[in-house]
Amino acid sequence: MNFVYLSIVVLIALGLYAVLTKKNLIKIVIGISIIESAVNLFLVVLGYVEGGVAPIYTLAPSEKMVLPTPQALTLTSIVIGVAVTALMLALAVNYFNKYGSLDVRSRRLMK
Amino acid sequence: MVFGIETGVGTWNAIIFAVAFFIVSIVVYILSRLLFSGAHKEGEQAKPFLSGNEEVTKQHVAASNLYWGFTRALKSYYDVVIPAHTGIINDYIGWFVIVLAIVLILVEVF
Amino acid sequence: MKSKIVQTVANIVIPFIVVFGVYLVIHGHLTPGGGFQGGAVIASGFALLLISFGIPATKRKLVETKLSALEAFGLILFITFAFLGLGNSFFYNFLANSGLIFGDPVPHGINLGNLNTAGTLPLMSIAVGLEVLAGLSIILLVFSRGERE
Amino acid sequence: MMFPHTSVLIIAIPLLTAFITPVVGKVIRPLRNVIIFLSLLLTFGLVISLAWDVYSFGHVVYTFGAENPGITLPSGYSLPIRVIFNIDGMSVFMALMIAIVSLVAFVYSIDFLKKERQDKMDKYYTLLLLMCVGMYGMVFTGDLFNLFVFFEILSIASSALVAFRTSGEASEAGFKYIVISSIAALFILFAIGIFYSQYNALNIAAIAANLNFGVLDKLALSLLLVGLAMKAGTIPMHMWVPDAYGESPAPITLMLLIATQASLYALFRISFSLFGLHANLALLGWILIIFGLLSMFVGVTLAIPQKDIKRLMAYHSISQTGYMLLGVGVGLAVLNDPTAFSNYGFKAMEGGIFHMINYILYKGLLFLTAGAIFYRLKTKNLDEMGGLAHRMPFTTLFFIIGALAIAGIPPFNGFASKLLIYESVYAFNPFLSVIAMLVSVLTLASFVKVFQSAFMGPDINKSVKEVPIWMLVGMGILTLLIVLFSLFPGLVVDTIIKPAVIALAERQAYISAVLGGVL
Chain Z
1 MNFVYLSIVV LIALGLYAVL TKKNLIKIVI GISIIESAVN LFLVVLGYVE
51 GGVAPIYTLA PSEKMVLPTP QALTLTSIVI GVAVTALMLA LAVNYFNKYG
101 SLDVRSRRLM K
Chain A
112 MVFGIETGVG TWNAIIFAVA FFIVSIVVYI LSRLLFSGAH KEGEQAKPFL
162 SGNEEVTKQH VAASNLYWGF TRALKSYYDV VIPAHTGIIN DYIGWFVIVL
212 AIVLILVEVF
Chain V
222 MKSKIVQTVA NIVIPFIVVF GVYLVIHGHL TPGGGFQGGA VIASGFALLL
272 ISFGIPATKR KLVETKLSAL EAFGLILFIT FAFLGLGNSF FYNFLANSGL
322 IFGDPVPHGI NLGNLNTAGT LPLMSIAVGL EVLAGLSIIL LVFSRGERE
Chain R
371 MMFPHTSVLI IAIPLLTAFI TPVVGKVIRP LRNVIIFLSL LLTFGLVISL
421 AWDVYSFGHV VYTFGAENPG ITLPSGYSLP IRVIFNIDGM SVFMALMIAI
471 VSLVAFVYSI DFLKKERQDK MDKYYTLLLL MCVGMYGMVF TGDLFNLFVF
521 FEILSIASSA LVAFRTSGEA SEAGFKYIVI SSIAALFILF AIGIFYSQYN
571 ALNIAAIAAN LNFGVLDKLA LSLLLVGLAM KAGTIPMHMW VPDAYGESPA
621 PITLMLLIAT QASLYALFRI SFSLFGLHAN LALLGWILII FGLLSMFVGV
671 TLAIPQKDIK RLMAYHSISQ TGYMLLGVGV GLAVLNDPTA FSNYGFKAME
721 GGIFHMINYI LYKGLLFLTA GAIFYRLKTK NLDEMGGLAH RMPFTTLFFI
771 IGALAIAGIP PFNGFASKLL IYESVYAFNP FLSVIAMLVS VLTLASFVKV
821 FQSAFMGPDI NKSVKEVPIW MLVGMGILTL LIVLFSLFPG LVVDTIIKPA
871 VIALAERQAY ISAVLGGVL
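If you read the sequences in order, they're chains Z, A, V and R.
Last residue of the first sequence? That's 111 in the working numbering, and every number before it is there in order.
Last residue of the second sequence? That's 221 in the working numbering, and every number before it is there in order.
Last residue of the third sequence? That's 370 in the working numbering, and every number before it is there in order.
Last residue of the fourth sequence? That's 889 in the working numbering, and every number before it is there in order.
Think of the hints as simulated: they come from the structure by calculation, not from any bench.
One or more of the hints may lead you astray.
Claimed, not checked - Distance condition first, Cα-Cα at most 30 Å in a straight line; then the derived DSBU-like pairs of lysine-lysine:
{"id": "1", "chain 1": "Z", "residue 1": "98", "chain 2": "Z", "residue 2": "23"}
{"id": "2", "chain 1": "R", "residue 1": "396", "chain 2": "R", "residue 2": "484"}
{"id": "3", "chain 1": "R", "residue 1": "750", "chain 2": "V", "residue 2": "287"}
{"id": "4", "chain 1": "R", "residue 1": "493", "chain 2": "Z", "residue 2": "98"}
{"id": "5", "chain 1": "R", "residue 1": "485", "chain 2": "V", "residue 2": "287"}
{"id": "6", "chain 1": "Z", "residue 1": "98", "chain 2": "R", "residue 2": "485"}
{"id": "7", "chain 1": "R", "residue 1": "490", "chain 2": "Z", "residue 2": "98"}
{"id": "8", "chain 1": "R", "residue 1": "493", "chain 2": "V", "residue 2": "287"}
{"id": "9", "chain 1": "R", "residue 1": "484", "chain 2": "Z", "residue 2": "23"}
{"id": "10", "chain 1": "V", "residue 1": "282", "chain 2": "R", "residue 2": "677"}
{"id": "11", "chain 1": "Z", "residue 1": "98", "chain 2": "R", "residue 2": "677"}
{"id": "12", "chain 1": "Z", "residue 1": "98", "chain 2": "R", "residue 2": "748"}
{"id": "13", "chain 1": "Z", "residue 1": "98", "chain 2": "V", "residue 2": "280"}
{"id": "14", "chain 1": "V", "residue 1": "287", "chain 2": "R", "residue 2": "748"}
{"id": "15", "chain 1": "R", "residue 1": "490", "chain 2": "V", "residue 2": "282"}
{"id": "16", "chain 1": "V", "residue 1": "280", "chain 2": "R", "residue 2": "493"}
{"id": "17", "chain 1": "R", "residue 1": "396", "chain 2": "R", "residue 2": "490"}
The structure displayed is predicted, hence computed values, not measured ones.
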């Protein structure tokens, strides 16, 4: 189990590294997606029961089910993530069309 | 209390303020009429004295020309703060991470 | 990009993708899946269409205005079911165990699963499925504008 | 017997209208504005009725999907499992602000964006209504995960609207805004996961009742605190504010103001209702005070050299947010000390929360006047303006009232709330009060600059006319409210501010509204 939490921390660090240092808008979006995956992984792991089955009535042979709530949370978070990523990419496309570059340093605000 | 609020030390009442303001304005107006009735209305003496420069009336003072003295006086402060506003998104998140680290240490220690 | 092999394979695979997506949507209350997942699977079928047949051919089949009408319809359907529960509370499952459509009581123990259960949940996941498939297809079409032919 | 579904209809009606809008826009275009206006008006009425319920009966709870909205705990459970709205005085205070602002923003948009393509406007109104939904949800919800969901709805809708003008600068501002929002939201979600792992609950009241405030809870506290502070635009995480406020259309800037207030509300909710019973409140209060001090001072000093009118005002909104953090922070710092709290802490919180609604009114008015100038001159550069008082008399009047109110000149409402903050903060720590007054002076100075360079001077922009009627109506509503709030500050404080402060300070009541008397 600890291995999973370690990988969550590593993934968040990787994502933050991308957001903090990469100058390409698409790479920043990728960094955010990595953080999001890490957080989703964290939520799913919370509900994990060793040897448990999917929390569905028809398939339940025993009392051992994984918790359904974290899965619902993760699903919601994934749906929101799709919308956010799509919006970020759309804005990046527009940025590229108007500025001719995907580099964050070609900004025109706050100079 | 409909009009006023208690501030803990005193009270604030906008209506009383407005009435007092009105009365004081009338007094000042009457005094000015009495005191300045002998002042010159036209001629050289009525004009403002602009350090001996020609009086300019048709010129607009634009925004950039205002408060240069203030920004000059605080130059060492502005030289630090304004370059910190890079406009690069990485730096925005960088500040978030820095503040998060500081607050985390504060909260965990105390 | 327009290779014959890809087009032939796409022709065979796309119906299966769409059917699988529909299955995910309407079995959302019995098996893993549901509105979002099924809608996303169907939209991925449309993405395959976009890649294999090119943008102009796809745009003749998938019209953006119709898709956005479908999206609005799905959303309105979803919120209507939520409103219909207002007799008790918002989102109240008024169809469950009522004997009407999707109104059978849920059988206990291990069983094959009865599709006709769970009340408003399957209806809502159908609404969500419509919305997601339309929304994601619109996103795909919008992003394909940047593609050079 | 009150109507039980008021609170949920406040969310549901704008949501339904948001989805209907594109359909109506395609079929019967003239009807679209009427429908949106009616739904916003209806929502406004519902908010007032909900406020009435809360002020007469106390907490209002609403359980989604339950047989009866009042059943928060299903029989046999000790923790709530459904999504619950937990509405108290602070929530309805925020909801009242949202209702006023969304109406004004809509009325102003009718003329302000008349020349845009109409199918684009359909989407604009959909997103505007979704912003309302997100904000109402954020202030009503009693569930942490639901808070995250509404937070994200708000972020997505507002960043799409920031980029509404589709220029390169607008896309850049929108991109920065969505990156900031999603990073903040992901860390908030991480904190929510930490709570769920320990207490198996997502309800704020249930978590607050069982909180043990260990190392993990402290981590969650700092994640929530900093994430929400970034979304509220406090220094040094404020840099998205001038970008987003500067590039968005004026009505959207107005909505963004209230969006940052919603984040501030969540910040207060977390510090009072969630951690208020266990955390080291002096430290928490001082963190808010430091955020507030930095925001006040750095915000106003950065505003002075600005040349772009909307960026200048954006820096001022950062600085005004500092006042609220200062007032509420002082209240939080002395919350566990009954004598100090009753001597000055309560008044400080009253001042901070009264400042929130004053700020929305006058800052919104100022941004709308900046939008009016942009509408006629097509520029935001102060150097290119001048002599507008000759051509736009009403806008000038509105600007003067807004500028006097923000600078805290008596007898306007800004003075009333600032006076409350000055006097109570002086009793806490005189140094803080002095800084607050200095910032007020600098605020006046920079608005004198704007007034001088935009409205005074010779009549150099001869082709400019006064703005169309609906824009004047929008600004007029806010001006009227400012005048009313200036004349009757006592009435406002007694009816809506006091219940909000009491709702934050009485932390046990928030918990027992959901969990009943037992703990």
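Which numbered hints fail:
3, 9, 10, 14
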